[in-house]
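Novice: Spelled out from the first residue to the last, the chains are:
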Amino acid sequence: MRPLFKFHGGVHPPTHKAESTGRPIAQAALPSKLVIPLHQHVGNRAVPVVQVGERVLKGQVIGRPEGRLSSAVHASTSGTVSAIDMQLVAHQSGLPDLCITLIPDGKDEWIAHSGVDYRQTAHTDLRHLLRQAGVVGLGGAVFPSDMKSYSHKHQIRTLVINGAECEPYITCDDMLMRERAGDILRGAEVLRELLYAEEVLIGIEDNKPEAIAAMQQAVLEDKHAHMEVIAVPTLYPGGGAKQLIRVLTGIEVAAGVRSTEMGVQCFNVATAYCVWRAIAFGEPLLSRIVTVTGNVEHAQNFEVLLGTPVDELVAQAGSKPDTERHIMGGPMMGVDLPSGSVGVTKATNCIIEASSRLFPPPPPALPCIRCTRCADVCPAELQPQDLYWFAKARDFGKAQEYHLFDCIECGACAYVCPSHIPLVQYYRFAKSEIWQREREAQAAELARERHEFRLMRIEREKQEKAERLAQKEKAALAAKASAPAPNPEPAIAAAPATADPDDTLQMRIDAAVARAKEQAAAAQPKNTDALTAEQQAEIDAIEARRAKIREMAAHAGADDEPPKSNQG
Amino acid sequence: MISALWVMVGISLLLGAVLGFSAIKFKVEGNPLVEKIDAVLPQTQCGQCGYPGCKPYAEAIAKGEAGINKCPPGGDEGIHKLADLLGVEYVPFGEGTAPKPKAVAFIDEQTCIGCTLCLQACPVDAIVGAAKQMHTIIAAECTGCELCIAPCPVDCISMLPLGEDISSWKWQYPTIPLVQVAAQ
Ligand code: SF4
Ligand code: SF4
Ligand code: SF4
Ligand code: SF4
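Sequences listed follow chains A and B, in order. For reference, each letter of the first sequence is one residue, going 1 to 568 in my numbering. For reference, each letter of the second sequence is one residue, going 1001 to 1184 in my numbering.
What the hints contain is simulated information worked out from the structure, not anything from laboratory work. Hints may contain errors.
Claimed, not checked - When the alpha-carbon atoms are kept at most 20 Å apart in a straight line, the in silico EDC-like pairs for lysine to aspartate or glutamate are as follows:
| # | chain 1 | residue 1 | chain 2 | residue 2 |
| --- | --- | --- | --- | --- |
| 1 | B | Lys-1036 | B | Glu-1095 |
| 2 | B | Lys-1132 | B | Asp-1155 |
| 3 | B | Lys-1170 | A | Asp-406 |
| 4 | B | Lys-1055 | A | Glu-440 |
| 5 | A | Lys-431 | B | Asp-1155 |
| 6 | A | Lys-398 | B | Asp-1084 |
None of the values given here were measured: they were computed from a predicted structure.
Using the sequences and the accompanying hints, generate a full structural model.
Specialist: Written out as structure tokens, the structure reads:
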């Protein structure tokens, strides 16, 4: 028996899991349309590569990954692209994002696809396949899996496969483990290979005996060496990556440290499943298991095509008429969906139909009595009451000092708070405020740099211009000294002749203005007294040029004042 | 007695030398207060404060020549930050100076005649173009200072307010529970 460890705090909310585990996973009906967001993962939004009106096949890439951290998006079934536009998406903001709307043709016709033997394939190619297959973390974080499966030899000792599923109501991983344990383990084997990990620990909370049995059975049947299925005590939030790593290995992943630096990497069971489908069969991530529960006639898990409108999905579980809102995720960490029209995404593990009967509105918040019950249950060992205080006072610096960003928003603190303070809302508010400030600070820094560079550039240009002018005048003087011409103003004749075509305009303006001043001051009356025909012609030409230059100068605007230095 | 005096004199000379040396060695370039003030200013470089950019305004504040409530892009929060930094009282915006919502400039490329006037006005080189060629704005680098609008002879530049999108969206301050407390 492997010794298990404990993490700090934790709570025991009612699990409500039995409602949705009574029935096997059902295939959700083909919806009337699919609204597929192009940004279903952490990182850059995928770029659409199809046109409106185009017919696409099931599994065809419709959004190509952009940049290093990104993932592909695929057509979940065959059909016609009817729109590429901004649509409401499954995001708590209620703001629209770029989506591809697909009208299924009912044929469900696959694009040609085939798998590879992962043992015969280079790791970089495997990672590329994962990226192209759109495989991302399905536990909720939706981090591109290819970026997580990179490792040197001997860097990662333990691969943790997370089947804890600690959040109440959600049973999608439970059902997946019961029904498809073999593929999960094969996927875990691929990941182990990619990470050069020595052992694979599969952590499952002990309130899922069927899943544990199925997984253990599969380990034995397929003779997976280095793999162990471990029942961990049911304690929320034991499914948090850091918490599960702590329980299984005893390793405490410190704040700001990645678990890989401690020799552990963690993947969700559903992700491992998708890794196997992608590598062995070439099937991209097109569907996922979604628990539909709460205020429904028959709660159940469905295998749902990505992009299926939530309304059409919940109808299949018999959503009751008094449902007021849809929660995506569980009751502890989930968020309200802005509308039932949004499409299911890779992050949608559960839809809870909520009514005020099932989830009565929380009693009014009272002032914090500093009972520190929240601190007792916080799995990140924070002081939630202090964080609350700082967030409320908008003292974000202090909140960060108290490790606000270690908070995993698990809601355990709010769950026990006798004053019913919506603590997590304060933390989310504070975090997004801090991010916003960081963005602004970065933008300001960029603007400062660019402005300073511009000032420097203008200064440099001025200097260069002055230097060129000085040189030219020197050359002109030298010319005058060597061959004195009958011309009273040799510089005039010399300047246009020697001017190189690039810098002419401004320099001619400068020279002209300077000459005009000089002439006006001294020479002009005397020169015009006795003119030869030759000189008269020259002066006329100059006058014409001056007029033209004045016109141009008027156009060039106030920004181009002649630099003072051109006088010398 | 005398030896004690000599020791003290020796120590003070030594320390003086160390201080003098470090004052030269670790001399801070520029005025650190100006840098600090400049770091708080939004760097829009719009000149609405009456100075030709944020740095000159920072210098004026440092010299005590300018009030802290002259920068509309910094908003109310900017005044608070300056007040905190300088340890002075918060002063609200005066008449006629009010912050505007964030925006970026947009050139109607059909109308642009390629006169380069906006390009010369932009304090952060956020406009690309060349003489007689169409100009365009690098939205990510535009600070929204509006300095390019006035010079344009064909009025083809407009300011587009920056709406909220998913990546810039923020969680709201939780207000509903507080309202409920008040109702009790
Ligand atoms: S549990 Fe609630 S009342 Fe108690 S200290 Fe924490 S925030 Fe305050
Ligand atoms: S929500 Fe954050 S502060 Fe509250 S218990 Fe969870 S980790 Fe701790
Ligand atoms: S008003 Fe404009 S130029 Fe002046 S400090 Fe503010 S942003 Fe900078
Ligand atoms: S493009 Fe216009 S508004 Fe934007 S920074 Fe440049 S001058 Fe200012």
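Novice: Compare the structure with the hints numbered earlier in the document and write down the numbers of the violated ones, lowest to highest.
Specialist: Violated: hints 1, 5.
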